[in-house]
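Residue numbers (UniProt numbering), protein chains in the order written: chain A, 1 to 739; chain B, 1 to 158.
Source of the hints: derived by calculation from the structure; they are not laboratory data. No residue lacks a Cβ here, since even glycine has one placed at the ideal position from N, Cα and C. There's no promise every hint is true.
Stated by the list, open to error - One side of the interface only, derived from the structure: several residues of chain A facing chain B at Cβ under 10 Å:
1) Met90
2) Ser115
3) Ser120
4) Ser131
5) Glu133
6) Cys724
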Amino acid sequence: MAPSVCLQEMIRVIRSARTQGEERGVIQRECAAIRAQFRQADSGGRSHNLAKLLYVHMLGYPAHFGQMECVRMIASPRYSEKRIGYLGAMMLLDEKQDASLLITNSIKNDLSHSSQYIQSLALCTLACMGSAEMCRDLAPEIERLLKASNSYIKKKAALCAVHIVRKIPELGELFTPSAHSLLSDKNHGVLHGAVVLITELCERNPGNLDEFRKAVPELVQIMKGLVTSGYSPEHNVAGISDPFLQVRVLRLLRILGRNNDEASDAMNDLLAQVATNTDSSKTAGSAVLYETVLTIMDIKSESGLRVLAVNILGRFLLNNDRNIRYISMTSLQKIVQTDHTAVQRHRGTIVDCLKDQDASVKRRALELSLALVSAANIRSMMKELLRFLSTCPPELRSHATSGIFNAAERYAPSQRWHIDTILHVLITAGGDVRDETVPNLIQLISVASELHCYTVHKLYRALISDISQQSLVQVACWCIGEYGDLLLKGDCDEIEPMQVTEDDVLDVLETILQSHMSSPTSRGFALTAIMKLSTRITNNIESVVSIYGSFVCDLLDLLGETNTSSQANQNQVNTTSNSTSSSVQENLLDLLGGLEPTPGKGNILFYFNLFTGTMSVTCLCVFSAPNVTVYEKGGVNLKLQCDNQTETAITVTFTASNSTQSDITSFTLQAAVPKSVQLQMKAPSGDVIPAQVCPHFCRFSTQSAAQHLKMRVRLSYTSQGTLCQDMVQIDSFPSPAWN
Amino acid sequence: MQFMLLFSRQGKLRLQKWYVPLSDKEKKKITRELVQTVLARKPKMCSFLEWRDLKIVYKRYASLYFCCAIEDQDNELITLEIIHRYVELLDKYFGSVCELDIIFNFEKAYFILDEFLLGGEAQETSKKNVLKAIEQADLLQEVNYSLSLSLPHAVFMV
Numbered sequence: 001m002a003p004s005v006c007l008q009e010m011i012r013v014i015r016s017a018r019t020q021g022e023e024r025g026v027i028q029r030e031c032a033a034i035r036a037q038f039r040q041a042d043s044g045g046r047s048h049n050l051a052k053l054l055y056v057h058m059l060g061y062p063a064h065f066g067q068m069e070c071v072r073m074i075a076s077p078r079y080s081e082k083r084i085g086y087l088g089a090m091m092l093l094d095e096k097q098d099a100s101l102l103i104t105n106s107i108k109n110d111l112s113h114s115s116q117y118i119q120s121l122a123l124c125t126l127a128c129m130g131s132a133e134m135c136r137d138l139a140p141e142i143e144r145l146l147k148a149s150n151s152y153i154k155k156k157a158a159l160c161a162v163h164i165v166r167k168i169p170e171l172g173e174l175f176t177p178s179a180h181s182l183l184s185d186k187n188h189g190v191l192h193g194a195v196v197l198i199t200e201l202c203e204r205n206p207g208n209l210d211e212f213r214k215a216v217p218e219l220v221q222i223m224k225g226l227v228t229s230g231y232s233p234e235h236n237v238a239g240i241s242d243p244f245l246q247v248r249v250l251r252l253l254r255i256l257g258r259n260n261d262e263a264s265d266a267m268n269d270l271l272a273q274v275a276t277n278t279d280s281s282k283t284a285g286s287a288v289l290y291e292t293v294l295t296i297m298d299i300k301s302e303s304g305l306r307v308l309a310v311n312i313l314g315r316f317l318l319n320n321d322r323n324i325r326y327i328s329m330t331s332l333q334k335i336v337q338t339d340h341t342a343v344q345r346h347r348g349t350i351v352d353c354l355k356d357q358d359a360s361v362k363r364r365a366l367e368l369s370l371a372l373v374s375a376a377n378i379r380s381m382m383k384e385l386l387r388f389l390s391t392c393p394p395e396l397r398s399h400a401t402s403g404i405f406n407a408a409e410r411y412a413p414s415q416r417w418h419i420d421t422i423l424h425v426l427i428t429a430g431g432d433v434r435d436e437t438v439p440n441l442i443q444l445i446s447v448a449s450e451l452h453c454y455t456v457h458k459l460y461r462a463l464i465s466d467i468s469q470q471s472l473v474q475v476a477c478w479c480i481g482e483y484g485d486l487l488l489k490g491d492c493d494e495i496e497p498m499q500v501t502e503d504d505v506l507d508v509l510e511t512i513l514q515s516h517m518s519s520p521t522s523r524g525f526a527l528t529a530i531m532k533l534s535t536r537i538t539n540n541i542e543s544v545v546s547i548y549g550s551f552v553c554d555l556l557d558l559l560g561e562t563n564t565s566s567q568a569n570q571n572q573v574n575t576t577s578n579s580t581s582s583s584v585q586e587n588l589l590d591l592l593g594g595l596e597p598t599p600g601k602g603n604i605l606f607y608f609n610l611f612t613g614t615m616s617v618t619c620l621c622v623f624s625a626p627n628v629t630v631y632e633k634g635g636v637n638l639k640l641q642c643d644n645q646t647e648t649a650i651t652v653t654f655t656a657s658n659s660t661q662s663d664i665t666s667f668t669l670q671a672a673v674p675k676s677v678q679l680q681m682k683a684p685s686g687d688v689i690p691a692q693v694c695p696h697f698c699r700f701s702t703q704s705a706a707q708h709l710k711m712r713v714r715l716s717y718t719s720q721g722t723l724c725q726d727m728v729q730i731d732s733f734p735s736p737a738w739n
Numbered sequence: 001m002q003f004m005l006l007f008s009r010q011g012k013l014r015l016q017k018w019y020v021p022l023s024d025k026e027k028k029k030i031t032r033e034l035v036q037t038v039l040a041r042k043p044k045m046c047s048f049l050e051w052r053d054l055k056i057v058y059k060r061y062a063s064l065y066f067c068c069a070i071e072d073q074d075n076e077l078i079t080l081e082i083i084h085r086y087v088e089l090l091d092k093y094f095g096s097v098c099e100l101d102i103i104f105n106f107e108k109a110y111f112i113l114d115e116f117l118l119g120g121e122a123q124e125t126s127k128k129n130v131l132k133a134i135e136q137a138d139l140l141q142e143v144n145y146s147l148s149l150s151l152p153h154a155v156f157m158v
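The shape of chain A in the complex, shown without the other chains (with noise of 0.2 Å):
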């Protein structure tokens, strides 16, 4: 054949380009030269013109100006731009494209040529991109080729069917007919066109079912022929006869002899030939009897047959080609329910495969085994997969330590065995535990009550070797806080006693709170772990206060934002030094008790406050800053709170709230400071206060002792349809409760 010189001699220059920039200046040149000759109406080297054309649509660039090239060329009587046209056609126009359709016509044409490797070109090319449009139109000519044709034609024809039925499925009763009396075709070609057109055709139409299961013994004898039949050279792959052939005559005798007994009884003796006479030793066999398999399992086979196709999947577990034991496992995950004790069976390798090296088999493995886990095996599956967590992949970490969970939950043996389960993938894994399963951990600690002393050992001698896993953070935390005293009380059954401190415990939360690695939620709970403590910790309330002064951002974090009810909290907890009075311990727990380590949920507002400075303050101060009413008038009402920033800067909230029957609206306040007092003012929650609702917040920070401030405030705002403005004088603040 000529070489198509040009379009060589221009891949040559393309590719000796040395920079993307030179290539798109060569693609660039070229593409004009091509638009300029596809103008023209040359005859000679059009064909070659739109090979390069379709050359550098590969390379990635655009060439949509060559649709239309691509419709003259198909309309050409000459076979060498036919060809070159209908490649085109299918790199360059999809069904989306309005072009395609002016195809049709020509395809309808090609379809009738005296030509067979022109009629070819338009059945490949409606077969790869006909559109629902043109499947439409030119279904008649298909069925008339399935009939009256040779069998390259004939072969095509089918699987131009298969297209059009893909398309619109109505039109398989066009095909039907034709599709049964092209099974006693001796072309393989054909038979296997046929056998993917009946599939096709029951696939899509259920109603088709029984019509084709009359095809039963006709495809019992085609697959009888190839297995049987001697050396084939045309067919033969790997001493298989036309394994391809072999795979699409099982696929669609699957699909007939699924829920019907009748088919099923006809095919199960050949399924059995098959089976154990088809050499796996390459992948052609290996092929075949995959697809036996899968056949077998999902028609109505004898039991016998079933264990049969059971045990080739346990011998492909243990072929030596990856790509067979991965197919095994697939297949076996889908029968893993309804055949579980013949999956049981094979336990045993499919847990080695946990060891593959290839990560997909891996995956396979860890879900076959988690589907395997029962309650007799519980013990040494667990071994298995505790075993294959420390060497799991990351991608599938988080997937094992759920599958590890909930196999534990359902068959744990014993609490202790469960409790040992938790802990041990909390510290293998901790940092792989999916969040949402911290809360159901927790809860199964708490409920395993003789093992609390036994858990916080062990979790808190986790902690203070890593604090980077979140979730061993968090529950270890949790328990740390609950079963604190018993942590402190140094020794427990099971385990090497070890000295704990009070100190020893803070310093542990206080490195949590301190660690960029610990996550808002880990921090949180490190909080509440303290201030659980806090009720027992006897000599360590300054450390405990500390810990509070350097992480108050959190602490307020923790119990929440800012509620615009104003449900400020009268109780004042104050006292002195050094005597922690069971009274302050009363209140603290009557204040934090039944508190939930729930971040950022809070609907209770509390201020901390710290006392510093000379006095030597030991204890913790829980306290709202007093709530006092500036103006009230028509119905609205004007309420102001300090709170202390730092030592020398406030923060005033004013809350306005509104009794009338009617919104008010555009609302606004404004402050005027003395000129010795800096003020920055905050977003207000709003300019309108609904009526019968919620306060509404409006609040300024100032550089300022409570006691040195002096405020003017105006209130503008509009109340059932009058303009009020009003000034108040606030001459004294209430002074948050200082000692």
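Knowing the structure of chain A, use the given hints to seat chain B on it.
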């Protein structure tokens, strides 16, 4: 089969055959992502992988990766055989095929593929028959071409 891609170890596309309608943009995206995924695989790994909702079957022959996307019910092992058959056809046609053959004669690689697969399914399971058909078509093209040079308006019919 939904599509077949041939690409080099550097990720350069040598052939793309699509059997499903997708926009150019989508095709480019799929190609880019899939090529990246396959190239990242280590040599001893399995030939099959799950990608999006498709099954991918790939095999490397010398410097070229042959990559097919098949549907759920399709047999992965037979797809490997299909890939192998295509390589054999190329090999027979070009005489010990190498990547350069496919680069410089890409349109012929397509013609051969189109004689072996149609609409994503195998149309001819005999190697001999595929090669015979290609040979005949090439002959037709050759005669056509030489005729067209001497008589610009001749139409050749078989």
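To see whether the hints hold, each was checked on the structure:
1. Met90: holds (8 Å)
2. Ser115: With a minimum Cβ separation of about 4 Å from chain B (threshold 10 Å), the hint on serine 115 of chain A holds.
3. Ser120: Hint on serine 120 of chain A: holds, closest Cβ of chain B at ~8 Å, below 10 Å.
4. Ser131: It holds, given that the least Cβ distance between serine 131 of chain A and chain B is near 8 Å, below 10 Å.
5. Glu133: violated (13 Å)
6. Cys724: Hint on cysteine 724 of chain A: violated, closest Cβ of chain B at ~61 Å, above 10 Å.
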